[in-house]
Amino acid sequence: MNITSRIRAAMKTWLLRRAAKKLNSGKTIRHINRILDIAERNSWKEEQYSSRNKSHDNSIEEFFREPTVNNFGNDDLFVIIYPSSEVAHMSNHVLHDLVSLLKYSKKPLVEIFDFAESSAEDTVLRILKSEVKNKSKIWFVTVLHTSDIFRKKIIQLKSSMFKNGILICVVNDLWRELDQKLLMEMNRSVNIFIHMDPFGINVIDENIRKKMFFFPFAGLNQQLFYPSEKDLAIGFSGNVSSPYRRKILDEVLRKAKENELKTKFQAFIYQNRKAIPRLEDYALAMNQLSYCLDLSRKSSTHFLITGRSLESFASGCLLITDQPKGVGPLSIFFEPDTHYLAFGSIDELNTRIKELVKDQQYIESTRRLGHIRFMEVFGQNRLSLKFLEILGKFK
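Going by our numbering, the sequence shown opens with residue 1, and the numbers climb by one from there.
Treat the hints as calculated values from the structure; they're not laboratory data. Treat the hints with care, since some could be wrong.
[As the list claims (entries may be wrong)] Pairs of lysine-lysine residues, derived as BS3-like cross-links and limited to a Cα-Cα distance of at most 25 Å, are as follows:
id, residue 1, residue 2
1, Lys264, Lys27
2, Lys103, Lys393
3, Lys27, Lys230
4, Lys255, Lys358
5, Lys358, Lys12
6, Lys137, Lys210
7, Lys22, Lys274
8, Lys21, Lys262
9, Lys22, Lys210
10, Lys181, Lys152
11, Lys262, Lys358
12, Lys27, Lys262
13, Lys247, Lys257
14, Lys298, Lys21
15, Lys12, Lys22
16, Lys247, Lys27
17, Lys103, Lys257
18, Lys393, Lys358
19, Lys152, Lys137
20, Lys354, Lys27
21, Lys21, Lys255
22, Lys325, Lys358
23, Lys255, Lys230
24, Lys12, Lys298
25, Lys22, Lys264
26, Lys247, Lys21
Given the structure is predicted, the values throughout are model-derived calculations rather than measurements.
Given only the sequences and the hints, what does the whole structure look like? Please build it.
This is how it looks when you write it as structure tokens:
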């Protein structure tokens, strides 16, 4: 990278940090967006969406089936391997949710927080000290991570020291080319891939798909996410490097002011890791929000079930999401206008914000029914059994 490119990158990072700070303080950023649009030559515009309501596999149908009771071994040990000890690391957030489910199931587990710094021998000793019995199966649970060193150490730990162990890899995104490349690299060592994108799986190599199981692991940490006393405010927490997201958030700020509605944003960029809220702080803010904005679009035709959307339901917030009717995977599990509010354009977003103020009875009913539906489908008791059901296929 030459000097000119470095200066441009530094300037863009500075502008994005400034934009996040202004959004968090309730100030609009139209001027900053104009500068960034010129630099990126990628100004946001509304597009036509393609319906993504149908998946080409039976993962959704399988998830809706009631879990079968299985005799999962009580002597089995789960070893949770975090990619780093950073509290704010997004991969750690993912693992915390899944670990909370294992703790709810009262399964023995060891959490390795310093895996990147410790030697393989030290890690093995820690595992063996955890009363590993002859008939015990060891389940290694980690995430798909970009660090070469991390992936190599994971493969070494599983393949050379615990040949009978089962390696479970949690995959946060499937739509990016980078994630698909990492999947290919890890495929030989990983026994099970757990993913929460029921549509993204269709672009994955068939040999890898055989190992992939749909499981919505976000929002499971219901010791942290739960309804509490609500503040009449609309909030958003997430990365704002995307021009699409900045455009939406800027519009929300404008319309919220017009309707005398408070906003509480936790906007950040990944280059500024210190600004990423800790999981506990994020959960506390979510629990207190009345309305949560979710931006799940990753391209003009691809939407995700985001962790934010499920955490919103778990917290008893009213979810307002950019998945229009008939589009996106969320509508498979929840019904628009009954469990959450959806929008597909700026005009529809503005209409939704007005409803928050003018139709309190409808809004409160939607918020309450959304939480009830979440507990029916994504409650910890049901999902703990569903997760063990998946693993039971490898006993």
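Hint-by-hint comparison with the structure:
1. With a C-alpha separation of about 11 Å, the suggested pairing of Lys264 with Lys27 holds against the 25 Å cut-off.
2. For the proposed pair Lys103 and Lys393, the alpha carbon gap of about 21 Å is at most 25 Å, so the pair holds.
3. Distance hint between Lys27 and Lys230 is fulfilled; the C-alpha atoms sit about 23 Å from each other, no more than 25 Å.
4. Only pairs whose Cα atoms come within 25 Å are accepted, and Lys255 paired with Lys358 is accepted, the gap being roughly 13 Å.
5. Proximity of Lys358 to Lys12 is assessed by CA-CA distance (about 39 Å); at most 25 Å being required, the pair is judged violated.
6. Using a Cα cut-off of 25 Å, the hinted pair Lys137 and Lys210 holds, with the two alpha carbons roughly 22 Å apart.
7. Taken as a hint, the Lys22 and Lys274 pair is honoured in the structure, with Cα atoms around 16 Å apart against an allowance of 25 Å.
8. Proposed proximity of Lys21 and Lys262 is supported: the alpha carbons are some 16 Å apart, at most 25 Å.
9. Restraint check: the Cα-Cα separation between Lys22 and Lys210 comes to about 46 Å, which exceeds 25 Å; the hinted pair is violated.
10. Pair hint Lys181 plus Lys152 holds up; C-alpha atoms about 15 Å apart against a cutoff of 25 Å.
11. Restraint check for Lys262 and Lys358: satisfied, since their Cα atoms lie roughly 15 Å apart, inside the 25 Å limit.
12. For the given pair, Lys27 sits about 12 Å from Lys262 by alpha-carbon distance, which is consistent with the 25 Å threshold.
13. For the proposed pair Lys247 and Lys257, the alpha carbon gap of about 16 Å is at most 25 Å, so the pair holds.
14. Straight-line distance between C-alpha atoms of Lys298 and Lys21 comes to about 23 Å, which keeps the hinted pair within the 25 Å bound.
15. Between Lys12 and Lys22 the CA atoms are separated by roughly 15 Å; this keeps the pair inside 25 Å, and the hint holds.
16. Restraint check: the Cα-Cα separation between Lys247 and Lys27 comes to about 13 Å, which is no more than 25 Å; the hinted pair holds.
17. As the CA atoms of Lys103 and Lys257 are separated by approximately 43 Å, the hinted pair breaks the 25 Å bound.
18. For the proposed pair Lys393 and Lys358, the alpha carbon gap of about 51 Å is over 25 Å, so the pair is violated.
19. Restraint check: the Cα-Cα separation between Lys152 and Lys137 comes to about 22 Å, which is no more than 25 Å; the hinted pair holds.
20. About 20 Å separates the Cα atoms of Lys354 and Lys27, which keeps this hinted pair within 25 Å; it holds.
21. For the hint pairing Lys21 with Lys255, the CA-to-CA distance comes to about 19 Å; that is within 25 Å, so the pair holds.
22. For a cut-off of 25 Å, the pair hint linking Lys325 to Lys358 stands: about 22 Å separates their Cα positions.
23. For the proposed pair Lys255 and Lys230, the alpha carbon gap of about 21 Å is at most 25 Å, so the pair holds.
24. Proximity of Lys12 to Lys298 is assessed by CA-CA distance (about 21 Å); at most 25 Å being required, the pair is judged to hold.
25. Note on Lys22 and Lys264: the hinted pairing holds, with a Cα-Cα distance of about 12 Å set against a maximum of 25 Å.
26. This hinted pair checks out: Lys247 and Lys21 have alpha carbons roughly 15 Å apart, not beyond 25 Å.
Hints 5, 9, 17 and 18, counting from the list given before, are not met by this structure.
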